[in-house]
Structures are given as structure tokens and as C-alpha cells.
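Fit chain B to the known structure of chain A by using the hints.
As a plain string of letters, each chain reads:
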Amino acid sequence: MNKKIEDFTEIELVEAISSKNSEVIELIVREYTSYLLKGAYGLGFISDQEAEDLVQNTWAIFFQAPDKFEGRSQLKTYLFGILYNKARELHRDIQKNIPEDRIEDLLNDCFDDKGHWSSHLVSPDKMLEASQTLSFIEKCLTNLPLSQRLAFYLREIEEYSSQEICKILDVTVTNLGVLLFRAKASLRHCLEFKITR
Amino acid sequence: MRSCREIIRIVDSQEDLTLLQRMEVRMHLIICRRCLRFAKHLKIIKKSFRQFIDNRFSKVGDLRDLELRIIKNITKE
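Protein sequences, first through last, are from chains A and B. For the first sequence, this note's numbering gives the first residue as 277, with consecutive numbering after it. For the second sequence, this note's numbering gives the first residue as 640, with consecutive numbering after it.
Just chain B, with the same shape it has in the complex:
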């Protein structure tokens, strides 16, 4: 059976896992509370990062002004 360290290495890698690896990870997370916490932490961090960027970007008004300024600068040169 794989150690917590090996499982975390697999969970973190983000590579495409084989069926066997997926099963190993799933089984391990059922019995290991700390690794389950770690996996949940990763999900929360990724989700909140996306929320932060979306939230910041949603506050941006009309981009046309910025685009026009850029186009004007480029064509002026």
C-alpha cells in the first residue's frame, strides 16, 4: 500500500491518472483523514483563486475604451 507521501505526490501532479492510480487514491482517501483534508484544501484553493480572478474581472467596465486607446497608440506609430 502506498504511503501518504506517495498519494499526495499523485494527487498534486495533475497528470492524467491511470485507472489503478485513481482507485489507489480513492481507497487511500477513504481511510486517511489527513490526505483527504489535503485534497480538499487543494480544491478550495483552486476554487477560491478562480473566484478571486472572476470577481476582480467582473468589476472591469467596458473594455472598449482601453482597446481603442491601444489601437490608437499602435496605428499612430
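Bound-form chain A, shown alone:
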């Protein structure tokens, strides 16, 4: 079969998977496994074994009930949703409810009443130097909750729209804004801490 994944509509894919069309199964596994593996690394599953197990589990869950995918989102988006839920289960991350705080509340820590900076910011050169040490980034990433990590990953690496990320994480646009703000602020503070320590 010389067909490519782009030749199918999402609905055609669902039908082919449901009827256990082995050629289509092979096609989608080959198409999306690399994205899922990269996503697993982005979520902090750093060892090959951990990341591969997560990806295998994601596929297993998907193929146990392929009918659940109704073609309302892209298959890749749907698979990332499974990956995230499985990762949360594995990390025993029981924080199901995303904090309801607002970005304005988070900004209060950095600014005075007049809207001026109340904190010192390290030199970008020093931060650049620290960020080149990839183990620093890795350590800082592990401090982030999964929801923040995936939100940041999907935005920066996969360049997903807010709408798509909200679907995967099952959050509102406002909550997504808070997750992204928190992720960036935590990474920034973590790197600053490592520089000034």
C-alpha cells in the first residue's frame, strides 16, 4: 500500500482502525510514534525505558477502544491526550484540578502597587550561560507539574494553538494562560537560583 496518512480523513482512519486494517495500523504507528516519544521526553520521562513504556501504553490504550476517537480532533491531539493522562497516572500526579488563580495574582509577586518591578533580574548573559548546561534545564523541568510541562511543550515544541492544548489538558483558555505563565516563571526562577547560588 502506498497510501500516506494525509490521504485519509480522520473518519476514514477511525473506520480502518476499528476494522483492524493492519496496513493502516502500521501507517499510524510509524507516523505518530516519534511525536509521542518526543512528548514523553518533554513530560520528563527522561530514560529511554520510561519514555518507551509510556508510548507503548499510550498506543495500547488507544487500540483497546479506537471507537472513542470520533474524529472531532486530530488524531495526534487525541493521542497526546492519552499520553498526558497515562503520564499523570504513572507519576501519581493527583492534582486533577488546575489551580484557579489568575495571572494578575501571580504578577503581584514581581511588581509593586505602581506596576514597577520589585525584584532584581539577573543578566541575560548569565542566564544564557546557565541554560547551555542542559542538566540545569532538565533539573528545572522536573520541578514543574505535568500539566505545566505538557502545556509548555505543546506550545513551544509542537506549536499547538491554545484551543488544541485546552482540549488535551481539559482546561479553559484562562487556566492555560496561568499554566504557561507559571511554567515560564518557574523555569526562570529555577535558572536564576542556579546562577546566583
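No wet-lab data here; the hints were simulated from the structure. Since we're looking at a predicted model, the values are computed, not measured. Don't take every hint at face value.
[Stated by the list, open to error] Chain B is faced by these chain A residues, among others (derived, beta-carbon under 10 angstroms):
1. Ser295
2. Lys296
3. Thr309
4. Ser310
5. Ala327
6. Lys344
7. Asp388
8. Leu404
9. Arg431
10. Phe457
[What the hints assert, rightly or not] Straight-line distance between alpha carbons at most 25 angstroms, and here's what the computed SDA-like set of lysine to any residue pairs gives:
11. Lys470(A) to Leu681(B)
12. Lys402(A) to Val664(B)
13. Lys682(B) to Met666(B)
14. Lys698(B) to Ile287(A)
[What the hints assert, rightly or not] Here chain B is said to cover these stretches of chain A; the calculated rule only asks that three of the stretch's residues, wherever they fall, bring their Cβ under 8 angstroms from a Cβ of chain B:
15. 392-403
16. 410-418
Glycine residues also receive a C-beta, built at the ideal position from the N, C-alpha and C atoms.
Coordinates of chain B only, in the frame set by chain A:
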């Protein structure tokens, strides 16, 4: 003129900025060292995150083994 707090809120939002907003941000960053630092910090963090993921992924060997194992498991069921 907008405060640093308002500028940072715009810089961080990642939404499509209007021409006026872009100009406001640019003007503010010319005169405000701290906001400029913050904007540079964000760029560095995003870039280093991408580097970290790319670096990790580049160490992955041939994916065919993993794909074959997955396909085998699925078709076995």
C-alpha cells in the same frame, strides 16, 4: 504610558499583538532595562527548552524496533 507590569502581561501573553501593542512594547523595551531583561529571559528559556528536547531526541537510535514492538503487540491482541 503603560507600566512594566502591563508590558510584561502583553509580552507573556503570546497572543497576536496589534500594531499599536507591538510599538508600545518596542518603545518600552528601549527605555526599560528590567523589562528588556525579562523579555530576553523568556527567549532564552524557550530556546534552551527546545535545545534540551532536540538534544535528548537526537540520542534516540532507530525507532523501527519500538514501532515493530508496538505493532506486534497491537496485532497480537
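Hint-by-hint comparison with the structure:
1. Ser295: It is violated, given that the least Cβ distance between Ser295(A) and chain B is near 13 angstroms, above 10 angstroms.
2. Lys296: Nearest chain B Cβ about 8 angstroms off; hint holds.
3. Thr309: holds (5 angstroms)
4. Ser310: At about 6 angstroms, which falls below the 10 angstroms cut-off, the nearest Cβ of chain B leaves the hint on Ser310(A) intact, so it holds.
5. Ala327: With a closest approach of 9 angstroms, the Ala327(A) hint holds.
6. Lys344: violated (16 angstroms)
7. Asp388: Result: holds, 9 angstroms to nearest chain B Cβ.
8. Leu404: Because about 5 angstroms separates Leu404(A) from the closest Cβ in chain B, which is inside the 10 angstroms limit, the hint holds.
9. Arg431: holds (7 angstroms)
10. Phe457: holds (6 angstroms)
11. Lys470(A) to Leu681(B): holds (16 angstroms)
12. Lys402(A) to Val664(B): Holds, at about 24 angstroms.
13. Lys682(B) to Met666(B): holds (18 angstroms)
14. Lys698(B) to Ile287(A): violated (35 angstroms)
15. 392-403: It holds, with 7 qualifying residues against the three required.
16. 410-418: Held - the segment 410-418 of chain A has 4 residues with a Cβ nearer than 8 angstroms to chain B, which meets the minimum of three.
Consistency with the previously given hints fails for numbers 1, 6, 14, ordered from lowest to highest.
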